[in-house]
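Novice: Here are the chains, one letter per residue:
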Amino acid sequence: MAPFEKSIGQLCVFLINGMPNFNDEEPRMDAKVLRPIMTLIFDCLVIVASLGVAGAAVTTTYVNLGGGGTGLLRVPSPLGSGARSHIGIFTTHPSASFLNSPICTELANRGYVTLCADNPFSFNALGYKGYEDHAPVIKAGINYLRSIPGISRIIIVGHSMGGPLMAFYQNVAQNDAAACQGVEKLIPCDATNLSSLPGADGLILLDSHLGDAVATMTYVDPAIRNEEHPGQRNAHLDMFDPRNGYDLKTNSAAYSADFKKRYLKAQAERNEDLIEAALKELSKIVNGKDHLYPDDMPYNVAGANAARLWQPDISLLKQSKEPRLLLKADGTDVMQVISSVRLPSGRADTAVTFAGSDLLLTVRRFLGAHAVRTTKDYNQLPDEDYNQLPDDITGIDYASSATSTPSNIQGVTVPLLIVVMGAHYFIRPDEIILSNAASADKTYAAVEGATHGFTPCTACATALGLPSTYYGNTVKRLFDYVDDWLSAGRF
Amino acid sequence: MSAKMVLLWATVFGLLFALIASPSSAQDFPTYHQLGPAKATLWRPPTSETPHIAIVVVHRTANVLNAPFCSELSNRGFVLLCMNTRFDNNESQVIFEQMALDVKAGINFLRQNQSGLTPGITAVILLGYSGGGPTMSFYQAVAEAGVGFCQDPQKLTQCDSSGPTSLVGLPPADGIVFGDAHPGNPVIGMLRSNNPAVHNEKHPENLRPRLNPYDPANGYNPDGLSTYSDAFKKRYFEGQSDRLNKLIAEAQDIQFRIAQGVYPYPDNAPFVIGRSTASKLFVLDTSILHSTEKPQKLLKNDGTIDDTQIVESVRLPDPTIKQTDETFNGGARLLTVKSFLSTNAIRSTNSIDGIDWCSSNNSVVCNVREISVPVLFTAMGAHYFIRDTEIHYENAASLDKDFIVIAGLLHSLTPCNACPGGPYNNSLKNFYDLIRDWINARF
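Which chain is which? The protein sequence lines are A and B, in order. My numbering puts the first residue of the first sequence at -2, with every later residue one more than the last. My numbering puts the first residue of the second sequence at 8, with every later residue one more than the last.
A portion of the hints provided could be inaccurate.
Stated by the list, open to error - Only pairs whose alpha carbons sit at most 25 Å apart, straight line, appear in this in silico DSS-like list of lysine-lysine:
#, chain 1, residue 1, chain 2, residue 2
1, B, Lys436, A, Lys286
2, B, Lys209, A, Lys281
3, A, Lys281, B, Lys329
As the list claims (entries may be wrong) - Partial pick of chain B residues on the chain A-facing surface, computed with a CB cut under 8 Å:
#, residue
4, Thr38
5, Gln41
6, Leu42
7, Asn70
8, Asn73
9, Asn96
10, Asn97
11, Asp167
12, Pro271
13, Asp274
14, Ala276
15, Gly281
16, Phe335
Treat the hints as calculated values from the structure; they're not laboratory data. Ideal Cβ placement from N, Cα and C applies to all residues, glycine included.
Construct the complete structure from the given sequences, taking the supplied hints into account.
Specialist: Below, the structure written as C-alpha cells:
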C-alpha cells in the first residue's frame, strides 16, 4: 500500500476504534448509530485514497513557458504512490498542438505530474529549420517541472513526430551541440539555443517517426518530371496510377516487384536531386555570390507530402524483424513477430494538390528539417539499398539529418521505452530505433490493434472478421504499460 | 462517543475530503480553454467579485494567451478571454475571414457561460491591439451588417455564407477598444512596407535607383533621420501601389488558371514576395505620418488629457530597416495565393492617401463604417499609427466614439525613454486606467 493510502487507513482505524472522548459528561452515541456514520466516512476516504491509482482529481493550470511556449500543467490529487509522485512528464510535438494530448491526461490520471506544451511552431510544420528551434520550449518545460517541489525525475515523451524531436533534444542535452553539427550532416544545426540544455532522466517514444527528414524523403513523389510543373506526371512512376497497382476506390495498392524497385530508385534519385539543388543554393547564400538574400531563400518542394509507397500497399513495413512483446487485447503479453493490422491509407486525392503535397520551405528549412540522403551505392549493395520490404526499410543515411531518430538515439543513454501501435506502420521503424539505442535499459512493446492515435482500430477488426470491439481499450492498455514501466523503480 | 464529537470528527473529515478531493474548488486563474481550433486563457479579477463585463483579446497570428492586457485589465475588475486564433504561428496560412469564427466562439463562450466560470456576463467588449484591430473590426462589421458586407464583389476575397466557415449569424459584441490598431495587414504589412525599387519579382536584389529608399542620393541617412523630397515621396508611394497592384494581378491570374484547371495545382499556389515587409518610408523619415490633422486628445504622463493641440508622434527614426529589407527572414514573405489575397492585398493608387479601403476585408477603415456600438480608439504616442487611428475615428459610424493618443508609449507597450518630451513612466498605467474608465462609464 502506498504511504498516503496507508496513512489514511491508519487514521480511520484509529478514529473508529479509539477516538478519544473529550467530554465524558456528554451522552455517548449508541454504537449502532455510530458505526454506519463512521463506515460512510471511511468509505469516502477509501475512495479518495484509491484515486492515486486511477481517476485522480486533476488540476489543470495554464503555464506561460516564454518564447512562444504555452503549457498545461496537470497535477493529480493525490499524487500517485511513492514511485510516481516524484516524476514529472513533459511532452510537445514539432508542429501539432499537444496541450490536451492523452499522454498528459492519461498519465495525470495515473498519478503523475504532467506538462503538455505547444511551441512557436505548433500549426506551422514548415516554419522550423531544425529541432534546435524547439529546444528553448523543451528546456523551459523541463526546468519548470524541476522547479516543482517534490519532482526530482523528468521523463520526456515523444509521440509520432514528437519522437524524433525528443530524441534530438536528449542527444544534444547529453552530448552538446556537436551532436548535430558533424560533417556527416547536410547542414549543421544552429547552436544558438543549444548550450547547457537540461537533460531528462528517461525517454519514452510512442509510435515514433524515424525523423522529419525521413518522413519527407519517403513522401517525395518521383512521378513529378519537372519541378516547375508538378502537374506533369510520369505515369510509369505514378504510384496512384491504377495501371501500376493502385485502387482508387479503396486507396489500397498491390504493386509489382518491378514497380516497387523502379519507384524507390526514382524516389531516391529525385530526393538526391532536391538535396543537391538546395546545397547549391546554400553555397551561394553562404559565399555571397549570385544570391537573392544574404541569409536564406525560398525553396518550394512540390509533391513531397503524399506519395509514400507503404501507405496503400500494406504488405510493406508490415511486421517486426524479431519477436517482440505484444500487449494483446485479451490482457496477455506474448513475445512474437508482430504484424500490423492496419488498413491501406493511400492519398491519391491529395497527392496532386498544393495543400496536400507541396512543401513551401526555404533552403535552410529544407536541408535542416526535411532532407536526408539515401545510401549512395544504390543497386550495388543489395542489403544496403534504399528499399521498403515487409519487415524492413533500408538504405537510409540517417546520420545525414539531425532529425533522424536512429542516429540521435545513439547518443541517448537514459532509460528508454518504445511502444508502437499495432494498427499503424511504425512497428519495424521503431525496432530500428531500438537497435540503435545506446541505453542499457531499453524496452520495446506493441499495443495490439491500436491506431497511431492510441485508440482501437475498430475498422481493422471488422476487416479481419472480428468484432469491432475486439481490440478493447487500447488507450488503457498503453498507458497502464507506460505506468508500470515508469513506476517499476528505475527512476 | 458523544454526538457532538461525531459531528466534530465528521466535519474534520469533510474538510479533509474537500481538501484532498477537490483541490480546484478554489479555481486558479488563468484557466485554459480549447475553443475549437482556437486556444484561450480565461482571467478573472483577484477579488471575489463577479464581474458583468468581459473583454475578448485576439490578434491574428500572435500568441496573446499571456498578453499584458490579460492581467492588467483583469486586475482592474474585468473578465478577460485572451485567444489565439486558428492561425496561431502561421502567417502563410491565414485566411483572414475565417478568424471571425474564433471571435464568435469566444463571445459565445463568455455569454453562454460554457465553462461555468463566467456567470452573469452582460456585456462583451472586443479589444483589438495592433493586428487585432483589423480582426475585431471585421468581426463586428459582419456581425452588424451581415455577410453581404464581406461578400461585396468589390473586395479581393469574399467570406463564406454556407458550410463550416460560414459567417452568417455572428453575435455582435457590445463595444470595441482599439489599441494602436493598424489599418490592416494589406496596408501596413504590404502596401506601405514593400520596396518599390524592386522591378523583377524573381530578382528582388536588383533595385531601381530612382525608387531606392536606401540610396543617400534620394535622402537616406544611415545614421539617423532621413529626409526625402516631396517628389521622391510621391513617386515612392505611387511606386508601392504599382508594385502591389501588379502582385495582385499576378495572384489573380494564378487563381484564374487554377479555376480553369490549367495550373499545376487545383487548389492553391506558393506566392513569395521579396523585400516586402520592411521598407516603410515613414520609419526612415518621421515627418511622414507624424501627427493628427486636427486637435485631438492626448493622455499625458501626469494623467491629464489635453485636447487643444495637434498631436505629434515623438517616435525616432530607424535606419536599420535597410538591413532587414535585404534579408529573407526579415524582409520577405512566404505566402500562398490565397493568404496573399485574403490577408495582404488591397488596391490603391498611392500607399498613403490613395487607398481603396473597401477592396479588402482586412481594412479597419472600411469595417468601422459598419459599426454602431461604442468604440474607443487609442494610439501610441511614440509610434506611427496616430494619423491612421484618427482616420479610423473619423470613419467610425458609432455615435459613441472617442479617440485618445497615449503620450510616449511605444507600440510594444513600453515607455519610449529616448523619445523627446518625456518622461513617460506613467503612460502605461494611464493607458490601462483609461480603458477601465471608458468601459465602466458605458457598460
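Novice: Against chain A, run the beta carbon of asparagine 96 of chain B and see if the smallest gap drops under 8 Å.
Specialist: This interface hint holds because 5 Å falls under the 8 Å limit.
Novice: Can you confirm whether the C-alpha distance between lysine 281 of chain A and lysine 329 of chain B stays at or below 25 Å?
Specialist: holds (21 Å)
Novice: Checking hints one by one. Is aspartate 167 of chain B an interface residue toward chain A, by the C-beta closer than 8 Å rule?
Specialist: Given a least distance of 17 Å, the restraint on aspartate 167 of chain B is violated.
Novice: Hint check: is the beta carbon of asparagine 73 of chain B less than 8 Å from a beta carbon of chain A?
Specialist: Constraint on asparagine 73 of chain B satisfied, holds at 4 Å.
Novice: Are aspartate 274 of chain B and chain A close enough, Cβ to Cβ, to be under 8 Å, as the hint says?
Specialist: Holds, about 5 Å.
Novice: Should the hint that asparagine 70 of chain B touches chain A count as held when the rule is a Cβ pair under 8 Å?
Specialist: Asparagine 70 of chain B check passes; min Cβ-Cβ to chain A is 5 Å, inside 8 Å.
Novice: Would the hint linking lysine 436 of chain B and lysine 286 of chain A be met if the CA-CA limit is 25 Å?
Specialist: Cα-Cα ~51 Å, so violated.
Novice: A closest beta-carbon separation below 8 Å is what the hint needs, so does proline 271 of chain B meet it against chain A?
Specialist: holds (4 Å)
Novice: Once the shortest beta carbon distance from phenylalanine 335 of chain B to chain A is found, is it less than 8 Å?
Specialist: This hint holds: phenylalanine 335 of chain B lies near chain A, its Cβ roughly 4 Å from the closest one there, short of 8 Å.
Novice: At a threshold of 8 Å, is the proposed contact between asparagine 97 of chain B and chain A supported by beta-carbon distances?
Specialist: With a closest approach of 4 Å, the asparagine 97 of chain B hint holds.
Novice: With a cut-off of 8 Å, does the beta carbon of threonine 38 of chain B approach a beta carbon of chain A closely enough for the hint to hold?
Specialist: Holds. Min distance 6 Å.
Novice: Does lysine 281 of chain A sit within 25 Å of lysine 209 of chain B, going by the straight-line distance between their CA atoms?
Specialist: Within the cut-off at roughly 16 Å; holds.
Hint compliance for this structure: hints 1, 6 and 11 are broken, all remaining hints hold.
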